[in-house]
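Chains as they are written, first to last, in the working numbering: chain A, 1 to 215; chain B, 1 to 489.
Source of the hints: derived by calculation from the structure; they are not laboratory data.
One or more hints might be untrue.
[Unchecked claim] Below, computed lysine-lysine pairings styled on BS3-like, alpha-carbon distance capped at 27 Å:
| # | chain 1 | residue 1 | chain 2 | residue 2 |
| --- | --- | --- | --- | --- |
| 1 | B | 431 | A | 192 |
| 2 | B | 398 | A | 138 |
| 3 | B | 398 | A | 94 |
| 4 | A | 72 | B | 398 |
| 5 | A | 138 | A | 169 |
| 6 | B | 409 | A | 8 |
| 7 | B | 394 | A | 72 |
| 8 | A | 210 | B | 431 |
| 9 | A | 72 | B | 409 |
[Unchecked claim] Residues from chain B shown here face chain A by an in silico Cβ test under 8 Å; the list is partial:
| # | residue |
| --- | --- |
| 10 | 399 |
| 11 | 402 |
| 12 | 403 |
| 13 | 407 |
| 14 | 408 |
| 15 | 416 |
| 16 | 417 |
| 17 | 426 |
| 18 | 428 |
| 19 | 429 |
| 20 | 432 |
[To be verified] A few chain B residues that face chain A, going by a derived Cβ cut-off under 10 Å, partial list only:
| # | residue |
| --- | --- |
| 21 | 405 |
| 22 | 409 |
| 23 | 411 |
| 24 | 412 |
| 25 | 425 |
| 26 | 430 |
| 27 | 431 |
Predicted, not measured: the structure shown is a model, and the values here were computed from it.
For each residue, glycine too, the CB sits at the ideal point set by N, CA and C.
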Amino acid sequence: MENELFQKMAQSVLDGDSDAASALAKEAVDAGINPLEAITKGFVTGVNQVGESFASGQAFLPELVMAGEAMKAAVATLEPEMQKRGVHRTMLGKVVLATVEGDIHEIGKSLVGTMLSASGFQVYDLGVDVPAARIVAKVKEVDANIVGLSALLTTTMVKQKEVIDELDKLGLRKKVKVMVGGAPVTRDWVQKIEADGYSEDAIGAVAVAKQVLGL
Amino acid sequence: MIRPKVELLDIDLVNQIISEGIAILENPGIRVHNQEALEILANAGAKVDFQAQVAWIPEKITRQALKTVPHEFTLFDLNGNPTVHYSGDKIHFDPGSGGLTIIDSQTERPRLPLTNDLIKFVKLVETLPQIDAQSTAFVCSDVTPEIGDLYRLYLALIYMNKPIITGAFRKDTWWTMKEMLSAVAGGDKALALRPTAVFDVCPSPPLLWSDTTCQNLIDCARFSIPAQLISMPLAGATAPVTLAGAVVQHTAESLSGVVIHQLVKEGAPIVWGGSPAIFDMREGSTPMGAVETWMINSACVQIGKALGLPTHVYMGMSDAKIIDAQCGLESMGSNFVAAVSGANMISGCGMLDLESCLSFEKLVIDAEMIGMVKRFVKGIEVRDNPIALSLMQKSGHKGDFLTLPHTRKWYREEQYLPSDVIDRASYEGWKSRGEKSTFERARDRVEKLITGYQPTKITEELRQELRAITLRSAQSFGMQSLPPLPHGD
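Bound conformation, chain B alone:
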């Protein structure tokens, strides 16, 4: 059986991109604004200018890192089941993250998100079978910004079972977040053995590791908590305008991350991920819905696979401001490209407006797209042999397939059965159900799913521990109490 797959680069181009990426680490080298990382690189034999904070990494160090980096790893849900496999061409989806605003379901316009919004979002992700992992989707505006990152994780952990893709905004809050994950897992060793979370670490284009993200990268390696490289070249602004050129920069930045990471701890899990985009030459924006953005992402995945690393992309998003036709067409195109590229984790569902806004309604619409693209990549399977000859000879000209056990046996595997977000009724049927638009049907489904959410098995003791960790951190930043959780939670 053929698994539908797209590759945009031929083998010569793959090799050339990799060798140019390696060569860039030698000259002009990589900027590293983190003392510890510079020392690690210098000790390994890289030429380092501590004053200018630049490291020139020889090819053999890079090649060595590529030898020790794991080709795959597994994420576990909070019940200890292995559910996400960063491996081969397996694909998984999680919502976009780091949103600043949320679309208000009533006004259909963005506003600042609050604690209750994130809880609702986490619950929604739990109930959507198409979505494989949680993300710390947006920062709640009702807590002090210093704990924005860890507060997201705290809320997620008490409402979720699925693994989570997260990230820290500061060096010290990473440790608080690690403390939470460790509390849930039952210690640092248990967390390393059965990781439940991945930390995004983002180099800044071009070729810079900021102090904070570099420290997060080092700390993840040290504790064997999976790190996900999010290199984000902006083709035409902070990276070469050619698509291949942007991929070269992504390769160089990602390789530098792999090197630092593996020098800290050989064999620690790390993901070849990213959020590259083109630069829009009219608006000066970063369009995630642009076809070229999809192409750069697809090519970056191909490079990651050629190097034998697990892969990730930020795709499935739209730049539209409301849930409209543009929102649908960009998200679907992007999800399709990501899926047939075989990215292990595809982050982005629920997100719009240039990677800045999330929507409950978009999330449930995107879940349908994900259901469809997951079906697509499963390909066309042969269920019987002969395929249909015996069946058709038996049935003759009766056309009674709906009544045959064969239909009942296979239809759920052959067909992706969408929820009523997708309208396939007759015109009269659609009319009798209230002539609802996609957005209205999505809004209905959000409410239905939230009502059906089942609380997780988290113990009261663990809840209290997580709240105490969060409160302690909030108080250290001058915030005396946390927003109350909804009644009954």
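The shape of chain A in the complex, shown without the other chains:
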């Protein structure tokens, strides 16, 4: 019975069906199933399967993103029950994400956010055109493990460096790993500004995030 429900949960993620995922999460709560088990044995299985299909070229970004959205919807539904039981989902890490000041490109950064969150990271997405001070403040506030900085223009790329300098000034640089991304970003640039990680696409970002945290 439980196994059947877990399979349906995985399927709802594969289908990218947020409504179904949410309904199944509620069903699990009503049936008294441990919400953490629902996540790991149910929904996460679906996320992993979509990830594999993507890697082998059978699934594409829409499936991937919608799987992430379905996962998010399920977790949101399970949240009150987890609080009630006093249990926490073990997150892989906390990530503050932003597109740097002066740059309004959203899609790549949001994709990274969806992928990280579906893979078990706690993501704080600050949006686009975010000043360095606000990013650093958020890092401090949530005690982030990773800060992810997106820039799609060569002219705004320098702001990634500004955030790193800002972290240095406040003595936070050693506590947080910096990941950068965006079309103009190259390995040379990553070395130059002494960032910790970089991925050429959103899918690779998950592996890089795990790697910089030594997971």
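The hints should help you fit chain B onto chain A, whose structure is shown.
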């Protein structure tokens, strides 16, 4: 919805080309180096000079043949599914055929093909979803030339499911090939009812039916096995240099084929096909990548359609010697013209070097072109009504289309999703994947596809029967044993 279509001839020109083609069959007439065909034509009322082997065909005989010829027919795969429809503006693709050499994947230079090369090629065609039919692509150099044609068919039949475009080089080997197809289909009647193969029959320019091809044409008609006319006027050498003039000659030669064919058996399926080209005035070669070659082919298809026949062209090829920019640009231009002309069968993918050489790598690159042109001819469809108004009012300014079910519902139909032969990664992404050229990516894909090839459901009994037929034929030409098949096959 508009299906993108190109027509190079206006209606008056179409009619004039057809009437000049018909008039050519009356004078100067057609040369027929086949006794049986001359007798058939004479019996039907054509004036025939048996000594000079020339037939003068009156307009009414030609018009009558055009009345009985079928407008469409279907090819079946070896599992009995109808998969290729020679009908309307439906387009299908099969590899070029009759190649003499194959590009070696390591040296990137041509060499003589062997049994294993053809097996690999057949398997590759099976795994490429963009390609609709097999062809007997090249002649294996490790068997005696007399069985070159039937040996290709033998190898194809034991590794393929898709229908096949083939052809015989001799009168007697046609019968051996028919025997093989019949064995696979379960008898001559079953083969006629659900044909799995088409035979190319090629008149020689200008206005000549050689003994062999004419006999193949007659025998195909008799057994209702689809025949495909491959008239190949060479504009400026064996045909008039004007493009319209070359089309007139193609029309005359093809009409003569339809007449002989329908006189043998009314209603037998036949295709208005061809491989016309211009003659290159500097090299003296037959450039398949020339824009004028595409134009002649397109016009020939238009004539075939005006006459109500299924159509075919030899297009999508290049004259380049290696897989380079010329190879890409000529193949793509040609494939595009063929597709928007609505030719039912477009033969040529995988082929280069003036219709003489095949390449595994070119085949998988061409498959991507075919995916693109098939997408193009599907046109722009309206999926919702209103088209986007409700969707955009709901989504507002969020730009969250990637997360909407609407995107997931339609993207696979709206977009052709290419394999990694086509590079669309970021620069850094391309670098991290090894900075590979198109050729290198194609070579990788060939290996990947071959590894994923699934054997067909052919029975051991049928395999043995086909091998016995082939061996018997080989021995009749003094070749005592056949090359072994790869281990495990």
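Here's how the hints hold up against the structure:
1. 431(B) - 192(A): This hinted pair holds, its Cα atoms lying about 19 Å apart.
2. 398(B) - 138(A): Holds, at roughly 24 Å.
3. 398(B) - 94(A): holds, 25 Å
4. 72(A) - 398(B): holds, 18 Å
5. 138(A) - 169(A): The hint holds at about 15 Å.
6. 409(B) - 8(A): holds, 20 Å
7. 394(B) - 72(A): Holds, because 21 Å separates the two Cα atoms, which is no more than 27 Å.
8. 210(A) - 431(B): holds, 22 Å
9. 72(A) - 409(B): holds, 20 Å
10. 399: For residue 399(B), the interface hint holds, since the closest Cβ of chain A sits about 7 Å away, which is under 8 Å.
11. 402: Since chain A brings a Cβ to about 5 Å from residue 402(B), closer than 8 Å, the hint holds.
12. 403: holds, 5 Å
13. 407: holds, 5 Å
14. 408: holds, 4 Å
15. 416: violated, 12 Å
16. 417: For residue 417(B), the interface hint holds, since the closest Cβ of chain A sits about 7 Å away, which is under 8 Å.
17. 426: holds, 5 Å
18. 428: holds, 4 Å
19. 429: Since the shortest Cβ distance to chain A is 4 Å, the answer is holds.
20. 432: holds, 6 Å
21. 405: holds, 7 Å
22. 409: holds, 9 Å
23. 411: The hint holds - residue 411(B) has a Cβ within 10 Å of chain A, the shortest such distance being about 6 Å.
24. 412: holds, 8 Å
25. 425: Holds, because the Cβ-Cβ distance from residue 425(B) to chain A comes to roughly 7 Å (cut-off 10 Å).
26. 430: holds, 9 Å
27. 431: It holds, given that the least Cβ distance between residue 431(B) and chain A is near 8 Å, below 10 Å.
When each numbered hint is compared with the structure, a violation occurs for hint 15 only.
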